[in-house]
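Q: Residue-level listing of the chains:
Number of protein chains: 6
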Amino acid sequence: MKKYITFGEIMLRLKPPHWERFLQSPLLEATFGGGEANVAVGLARFGLNVAYISVIPNNPIGDGCVRELRRQGVDTSLIMRKGNRLGIYFLEAGANQRPSKVIYDRSHSAIAEASPGDINWDKVFDGVSWFHISGITPAISLSASELSLEAVKKAREKGITISFDLNFRKKLWKYGKAAPQVMGELVKYIDIALGNEEDCQKSLGVKVDVDIESGRLQTEKYRE
Amino acid sequence: MKKYITFGEIMLRLKPPHWERFLQSPLLEATFGGGEANVAVGLARFGLNVAYISVIPNNPIGDGCVRELRRQGVDTSLIMRKGNRLGIYFLEAGANQRPSKVIYDRSHSAIAEASPGDINWDKVFDGVSWFHISGITPAISLSASELSLEAVKKAREKGITISFDLNFRKKLWKYGKAAPQVMGELVKYIDIALGNEEDCQKSLGVKVDVDIESGRLQTEKYRE
Amino acid sequence: MKKYITFGEIMLRLKPPHWERFLQSPLLEATFGGGEANVAVGLARFGLNVAYISVIPNNPIGDGCVRELRRQGVDTSLIMRKGNRLGIYFLEAGANQRPSKVIYDRSHSAIAEASPGDINWDKVFDGVSWFHISGITPAISLSASELSLEAVKKAREKGITISFDLNFRKKLWKYGKAAPQVMGELVKYIDIALGNEEDCQKSLGVKVDVDIESGRLQTEKYRE
Amino acid sequence: MKKYITFGEIMLRLKPPHWERFLQSPLLEATFGGGEANVAVGLARFGLNVAYISVIPNNPIGDGCVRELRRQGVDTSLIMRKGNRLGIYFLEAGANQRPSKVIYDRSHSAIAEASPGDINWDKVFDGVSWFHISGITPAISLSASELSLEAVKKAREKGITISFDLNFRKKLWKYGKAAPQVMGELVKYIDIALGNEEDCQKSLGVKVDVDIESGRLQTEKYRE
Amino acid sequence: MKKYITFGEIMLRLKPPHWERFLQSPLLEATFGGGEANVAVGLARFGLNVAYISVIPNNPIGDGCVRELRRQGVDTSLIMRKGNRLGIYFLEAGANQRPSKVIYDRSHSAIAEASPGDINWDKVFDGVSWFHISGITPAISLSASELSLEAVKKAREKGITISFDLNFRKKLWKYGKAAPQVMGELVKYIDIALGNEEDCQKSLGVKVDVDIESGRLQTEKYRE
Amino acid sequence: MKKYITFGEIMLRLKPPHWERFLQSPLLEATFGGGEANVAVGLARFGLNVAYISVIPNNPIGDGCVRELRRQGVDTSLIMRKGNRLGIYFLEAGANQRPSKVIYDRSHSAIAEASPGDINWDKVFDGVSWFHISGITPAISLSASELSLEAVKKAREKGITISFDLNFRKKLWKYGKAAPQVMGELVKYIDIALGNEEDCQKSLGVKVDVDIESGRLQTEKYRE
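In order, the protein sequence lines correspond to chains A, B, C, D, E and F.
Residues in the first sequence are numbered from 0 upward in steps of one, following numbering that gives the first Met the number 0.
Residues in the second sequence are numbered from 0 upward in steps of one, following numbering that gives the first Met the number 0.
Residues in the third sequence are numbered from 0 upward in steps of one, following numbering that gives the first Met the number 0.
Residues in the fourth sequence are numbered from 0 upward in steps of one, following numbering that gives the first Met the number 0.
Residues in the fifth sequence are numbered from 0 upward in steps of one, following numbering that gives the first Met the number 0.
Residues in the sixth sequence are numbered from 0 upward in steps of one, following numbering that gives the first Met the number 0.
It is worth saying that the hints were derived from the structure and are not from the lab.
The structure presented is a predicted model; accordingly, all values stated were derived computationally and were not measured.
Check the hints yourself; a few may be wrong.
[As the list claims (entries may be wrong)] With a straight-line Cα cutoff of 16 Å, these simulated EDC-like cross-link-like pairs (lysine to aspartate or glutamate) come out:
1. Lys169(A) to Glu196(A)
2. Lys100(A) to Asp62(B)
3. Lys100(B) to Asp62(A)
4. Lys100(E) to Glu197(F)
[What the hints assert, rightly or not] Which bits of chain D does chain C cover? Going by a derived footprint, with three or more residues having C-beta under 8 Å, they are:
5. 51-60
6. 85-95
7. 98-106
8. 191-205
[Claimed, not checked] Here are some chain E residues the structure puts well away from chain D; computed CB gaps all over 10 Å:
9. Pro25
10. Arg70
11. Met79
12. Tyr88
13. Tyr103
14. Ser114
15. Gly175
16. Cys199
For every residue, glycine included, the Cβ atom is placed at its ideal position computed from N, Cα and C.
Taking the hints into account, I'd like the entire structure generated from these sequences.
A: The structure is reproduced here in structure tokens:
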């Protein structure tokens, strides 16, 4: 059976019940969320053999996160347990005209503070066919971008197919390097990139003559 | 009417319902806690005129915190709204032999990153009779210890009575300076110190011949 | 900073969760509601300096009400704490064809039993620029209508701008006097009246040739 | 099968969950309570044929109350549906040293405003062997005391056994008549009175030389 | 007052809250459901005199079921309390494109194991004008189909009007007899049959030239 | 790393919240329970490599059960997914004098209807050091007792250590064979039996002169 690996950050997601505003009543629903983990859960639901790799603190909040992934059928045995905190995001569901709101409290998370050497990629990639990563991890810190680069290089060496969800988030790129500089290096090692025009332009610095803010599709320009 | 001020850190307190373990069910009770804020609420309940000073991020989580204090009758108009995050602690209530458990996620909180000059003490202390502080704030970061020192100096100048809850927490003192060095300077400006033998010895470096681990009271030695 | 005051009744609002019918399950959500209090909360959310005036019983239910207003940033220090009960209304949320349902249990509330002299208007109006009132308070009892009249006369004397939400509620006018008789006297002292055609006709007895039941707007007749 | 009837007031009982303080969180548990209704439920649980008589408003809150009694196996077909409101009491459960707290909001309840003639006692007592009443109903209003007297006279005429739980509540006797005056008349018609020394002294004005406040039992004095 | 009787199975209905998936959080809402019981509750809400007949185990789950029916105003005094278990169905509410899902766990229920002689029809039908039954009961087991036949024969003898909701459920007919064989016998005794074209064809084996799967109404063919 | 296997029945456990009576409010907590599964979870918590074997229906309730075990760190990949229903037990927590109450609805469960050949023991026992079983499984049905016997024989052949929790439950032995007859055969293949005097006497028919109902320990008689 083919084996899939996804790698990225997972955070504690705290949300008031239903359509309540933040702290309207003293309850928060506590679940976990992260794009690469969602991909892993989705593949597991289709019955595929999938492991999720991340750096998660070795405390009961981290344990709860790992347990939930395991409950969803994802192989969690390769997760690195290390670091001080799991990133958190607070989500308020919008209603009618009121938009949803997200507050990130993800700085200094275990994975943001991880660096090359923290994960034993030889062990992780043993028997793996497909590796999935996103543009979030290289955006959260310099060391995490280096760890991402280490991962794709190693996967490439082993002939593993690599998919890369560009997922450009302007607000995350704060550690000094520009996205195109980091992402440009990363894409050299990948097989498949997923993204829209904005992701391409902003992540990779590729200037295509497509108006990314008008909302109109200009399909004739994609081929370029 | 006499006016009281308390100053310190307040955190988001996340607790599973009842005696549940962390993340046993996907719900957390979200309230707020901090020793100095508790003192403010207690004084407000006795009908006294009390304000609470802190540095709290200007986001909806910070708003919820300020609102709750205001609901309890505490004057929140002097709180400094600034910084990136409110500290968090996760609490699991013990049951029978199982002890309660606390996980702190308080690093890089707004108040830990505050420094002298961030609070307008002249405005804060206007008309104030009593100022209450604890040994937690000087323990969380170097800049917070400097802010604490600034506060007690200013209060002293204005002839305000200062009470100081020593509250020694070994795990917090991580930024390089030893507790006695910092606390020894602070106590020079205060009127009343609250603490047990351990607090005195560990916070102040005062070596009294009292056995702080036996659990027996040696009342004859207090006078010394 | 300009100061705003709103005056009226606030009630305990008891609602089954979600779209449940009354007492379908043994839970009620307990919040507070009242038009003038809502205006105060709204102004406070815009950052304005606003106080709410009412007569609220001095018991823990009244305390909970005052606390909630304070949490919302409304100045509650001028509220008169007196009387036997806080009015209650039970609300069942409609779903699809089933309309929402309200049961009022507001008779004999603290404010319905208040009368002129109960509120120190000189203190209340000190430094105030704007005073907001509605047609609900004069409708709930004879003594409350007299208290309302006392309020607008006093505000007028002090040159405060007065806004008046006519808000005609046929079912409330039960104490013997007709709405136009009471309201006609009140509007003499106000600056701004808010209401639709029905409010004008029913509250003030103003007969304008507008068909209030057809649902069509007859804008050309407004000027009259 | 013998038939039992109990008669008295039933109220909506609103209680915060668990050991929460009033309005600590925005939830109240909504159940129903009243001594005579409790007796009816108890008898129904033993499998006896029991009806409960009261005056309950004809609105959804009253419906919820009647439904709950019916669920418990009590015959509710004889309840008089009339009046404006169901009495309410708010209950906060004590914890450790903190005592439980009750706030009554029972004035002007449907049964307090009921009077002789409102209940068809001939229909109610048809085929009944036992009638149970308490000292609460005659205490809540003059008209309710007259209704109680009408009930026991009618039951007496029909040869029904009458039990009477004296249950003296000092705070309730506010409508002008003294308890002994009213209760003294009522007990003439009953067969069995239930109560302690205090109930006897305060309800009936019987002066027995027993110290009702010391807490000691003086069994030798009971015979008197 | 005319008396109505409905007869059939009632099950414990277990549903995750709101739109949650099965066992997403560890809570299930526990209510009761069954078509014939629903008819009884509906008639009771219109103020009619209606009893519900079923076979329900004599345990606390059965008690809860009987209590809920009684709360709704249905006469439950004729229900046979016997058997090992109440059938259960698990319901997950759909959302958007996701359809609702039902899992039945109803085999070996008390009523499926009941047989002729278990219910005293003479007592049940005493004073009854109308009897309602459905095609579910004869489908769940051979003995339940025989009990259904016994019921309609007895009702017919007594001149009671009988309504029959055909309600064909292919998945239920598993005990060996074909639906038309059983239902064909039953309909001989009834006055009114309710059903659509599919019910008629599948339950009764009546071959009408109507296309039951196209979704188009062919009204001209009904008369046949 | 040594591998452990436990084998037995797991049931859906439905419990009203806190100390509520069955169906007092319309909520049930839905978790899972079974002695052998509890042992597996316990071992997993100690960090051991443990798999749990059972027969669990292939529906969403079964899925929820498997997921919960996986969340707890138990290897669920060897569970046989087959059969019609997961057994259920309803639990009401006692309070003070009121004892806890359990209602079993476990007949016809997937494992009760499983038989020899349903589980591929060669695959299950591959690399296993320890096998744990209890006296519950052989008690629930004849086919389950045969499956249990097949399991221990196979484990014995492979030289796996077998522990056996006798756990005698009088009410379960209903399928015709006496406990000592079945259990006597099973214990021939095991290494370690766990149980008290009653378990030994009732399960195995071993008559030791120990008074199992007095509650006194007669330690001197154990050696026999």
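Q: Confirm or reject each hint.
A: Checked hints:
1. Lys169(A) to Glu196(A): holds (14 Å)
2. Lys100(A) to Asp62(B): Measuring from Cα to Cα gives roughly 14 Å; hence the hint holds.
3. Lys100(B) to Asp62(A): holds (14 Å)
4. Lys100(E) to Glu197(F): Since the Cα atoms of Lys100(E) and Glu197(F) sit roughly 46 Å apart, the hinted pair is violated (cutoff 16 Å).
5. 51-60: holds (count 3)
6. 85-95: holds (count 3)
7. 98-106: With 4 residues close enough to chain C, the hint holds.
8. 191-205: violated (count 0)
9. Pro25: holds (18 Å)
10. Arg70: violated (4 Å)
11. Met79: holds (17 Å)
12. Tyr88: holds (22 Å)
13. Tyr103: About 27 Å separates Tyr103(E) from the closest Cβ of chain D, which puts it past 10 Å; holds.
14. Ser114: Correct as stated: the minimum Cβ-Cβ distance to chain D is 28 Å, above 10 Å.
15. Gly175: holds (40 Å)
16. Cys199: holds (38 Å)
Of the hints listed earlier, those the structure fails to meet are numbers 4, 8 and 10, in rising order.
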